[in-house]
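A.B. asks: I would like the entire structure built from these sequences, with the hints used as guidance.
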Amino acid sequence: MRFPASLRTERTRFMVALRQITAFTKRDMYGWSTYKTAAITQLISVLVGVLAWGINATYRNRPVPEYSTDYISFLVVGLVIGNIVMPIAQGVERRLNPWTLETILMTGVSVPVFVVGNISWNYLFSIIIFVPQLLIGIYWFDAKLSVNLYSTLFAFAISAIILLGLAMVSTGMRFVTKSTDPITWTINTLSQLAAGMTFPVQFLDQIFPGASSLSWFLPQTWVYHLCREAMLMGLPLTSPQMQYDLLKGLAFAVVLFPIGYYIFRWGLRRSKRDGTLGWF
Amino acid sequence: MVEFAIETVDLVKRYPASVKRMVAGRGGHTVSLRGILELLIRRGAFITALNGVSLQVKKGEIFGLLGPNGAGKTTFIHVLCTLILHDEGEAYVNGFDVQREPRQVLKNLQAVISGNPGFEWRLTARQGLEFYASLYGLSRREANKKIDDLLRFTGLKEREDDMYQKFSGGMRRKLVICRALLQDVPILLLDEPTIGLDPSSSAEIRALLHDRLSREDGKTILITTHNMWEAQEICDRIAILYRGKIIACDTPDNIRNLVHPETIYSINLQISKFSKTHEKMLEELRGMTGVRNLIPLVSTEGTLEKLTLHLDKNYAVSEVLKALLAHGMGIRSIETREPALEEAFIALTREELRK
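Protein sequence lines, in the order shown, are assigned to chains R and Y.
Oh and the first sequence: position 103 is 103 in our numbering, straight run, nothing missing.
Oh and the second sequence: position 339 is 339 in our numbering, straight run, nothing missing.
For the record, the hints were derived by calculation from the structure and aren't laboratory data.
None of these values were measured; they are calculated from a predicted model.
In this text, a Cβ means the ideal position worked out from N, Cα and C, and glycines have one as well.
Among the hints, a few may not be true.
As the list claims (entries may be wrong) - Computed cross-link-like contacts, DSS-like style, restricted to lysine-lysine with a CA-CA straight-line distance of at most 30 Å:
1. LYS26/R - LYS306/Y
2. LYS306/Y - LYS276/Y
3. LYS245/Y - LYS280/Y
4. LYS26/R - LYS146/Y
5. LYS107/Y - LYS178/R
Unchecked claim - Derived CB-CB ranges, DEER-like:
6. ASP87/Y - LEU214/R: 39 to 49 Å
7. ARG11/R - LYS145/Y: 21 to 31 Å
8. PRO16/Y - GLN42/R: 34 to 44 Å
9. GLN56/Y - ASP274/R: 43 to 53 Å
C.D. replies: Structure representation (structure tokens):
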């Protein structure tokens, strides 16, 4: 079957972009794999981290009615999702170093390719360790999961857009501030407290009345919430609650993504204007 | 048809300066009233890196951009490769505007910026080149062929599986040039391509740029360098950039002659006791129209051994030789020395400093 010329061009562009993203991923994987000791300790520390938190959770075990589950199941899902969220929020800024950034930008790669390419290895690595982490949670700590595959895939897809938006905000700010940028730092710090990784956000209201409303402005809250609904409550795509929350999450992603893109472009342009692109 | 590979018109680039720096006095430590007034009047603190640079680089030529540290050379290169946005003026690469058409610019030009190799330390040379080939949009087959060719071309094929960090300075520089050549662009910008290299590696890089890339492949090459000898050796034309301004732009020979329109001759004579006849001869030589300077070398034993003369470029040295022979002088050998580009560079920049 022969496609029209315009479609063929789009397909070629897509294939080139895919190859470019693969190149970024391979570069990071090769680089990572050369630090053998660091790679092994990184793996161990992630698994030990889950064990440590699991023990803690078992000790404080109690039900979580918001997701119709117990605390250990809630926490295990929160932790494994957290291990995906946290590296991505910082993924690009780790790659912003003066000896490669300018050369890479001289190749003319687009903004989305640059951002996706730079976080994809972290994302893939997080996905790879996601399964053993879950298995430890299930078989060691008796976490009870009720996974709906399609809802989980949708939740992951929306989460990816949200996280990409966050990564672009973070990178754009880092172009300008060079060190810790206040926006990402605030988002990440607030997220540790209020995004609901280790307790339901509604619990915040018992300490600070009305604080849970603030949580829904944090990108990470949506990621945890959607993934938990899909993995703990097993809500199908046909469920009105799942549809409604996916739609709200999508709306959040649709707002955050262009803001992230704009901040990235602004940061890059500002840095080029100030002549500080290669400074870090 | 675009005539120039690179063209800039009144290019201006200002960097924001810290208030502390602007109000500081000459020593940089005390606050100066003049600094504060300037800051208030101009309502902003800037350092002007490029101050109305107009330059045209012809297609296929090797163009050298010379200048002391902080002259604006690296800023100029960064503007051309779209990494810095200029404030005023225009800059074109093969007719494409660097601010409005950056993608087209980057398809026509690649740069090697000193201190910014672009390679991951722990990736092999081949892996690094494969990464960039993918970013340039080359297919796997194209990339493999191109990488093989470039590694052979630069003599790095045998070391392709070694990590970048194991490479010597010269090898790294060659690898960076390979990266710039992956896309086969017609224009190359090289920021101090031989800095920190030993003489043989520098010579290899120069031969690569001049013989292969420029003369054989017809690429336009713009290099920045502090090495005057290198500029004189390989550049078709050079420009001297000083405090963000072009103060001279011509062929290396013409630039040298701007300051020193003379040729220096050393005439080794048959040794003879210095006498009154010699004095008369020297007086006659000094009276010749093209002779600018005449220095006799008389030994401690009182013998005349050598004459050093500065002659006008267009003056025939044969006139001097005739006069010497007429006075019965025997000539053993003659050496000529052109004024070095370095002398012209120093003279021109000092002149600018005095302005």
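A.B. asks: Could you tell me whether the CB distance from ARG11/R to LYS145/Y stays inside 21 to 31 Å?
C.D. replies: Hint holds: Cβ distance 23 Å, inside 21 to 31 Å.
A.B. asks: Starting from LYS107/Y, check that the Cα of LYS178/R is at most 30 Å away, please.
C.D. replies: Roughly 29 Å separates the two Cα atoms, so the pair holds.
A.B. asks: Would you check the hint for LYS245/Y and LYS280/Y, treating anything up to 30 Å between C-alpha atoms as holding?
C.D. replies: 49 Å, violated
A.B. asks: Would the hint linking LYS26/R and LYS306/Y be met if the CA-CA limit is 30 Å?
C.D. replies: At roughly 69 Å apart (the allowed maximum being 30 Å), LYS306/Y and LYS26/R break the hint.
A.B. asks: Given the range 39 to 49 Å, decide if the beta-carbon distance of ASP87/Y to LEU214/R lies inside it.
C.D. replies: 42 Å, holds
A.B. asks: Between the beta carbons of GLN56/Y and ASP274/R, is the distance compatible with 43 to 53 Å?
C.D. replies: The hinted range 43 to 53 Å is violated for GLN56/Y and ASP274/R, with Cβ atoms some 28 Å apart.
A.B. asks: Given a hinted range of 34 to 44 Å, is it respected by the beta-carbon distance of PRO16/Y and GLN42/R?
C.D. replies: 40 Å, holds
A.B. asks: Between LYS26/R and LYS146/Y, is the straight-line Cα distance small enough, at 30 Å or below?
C.D. replies: Holds: LYS26/R and LYS146/Y sit about 20 Å apart, inside 30 Å.
A.B. asks: If you draw a straight line from the CA of LYS306/Y to the CA of LYS276/Y, is it 30 Å or shorter?
C.D. replies: 16 Å, holds
Taken one by one, the earlier hints fail for this structure at numbers 1, 3 and 9, listed in ascending order.
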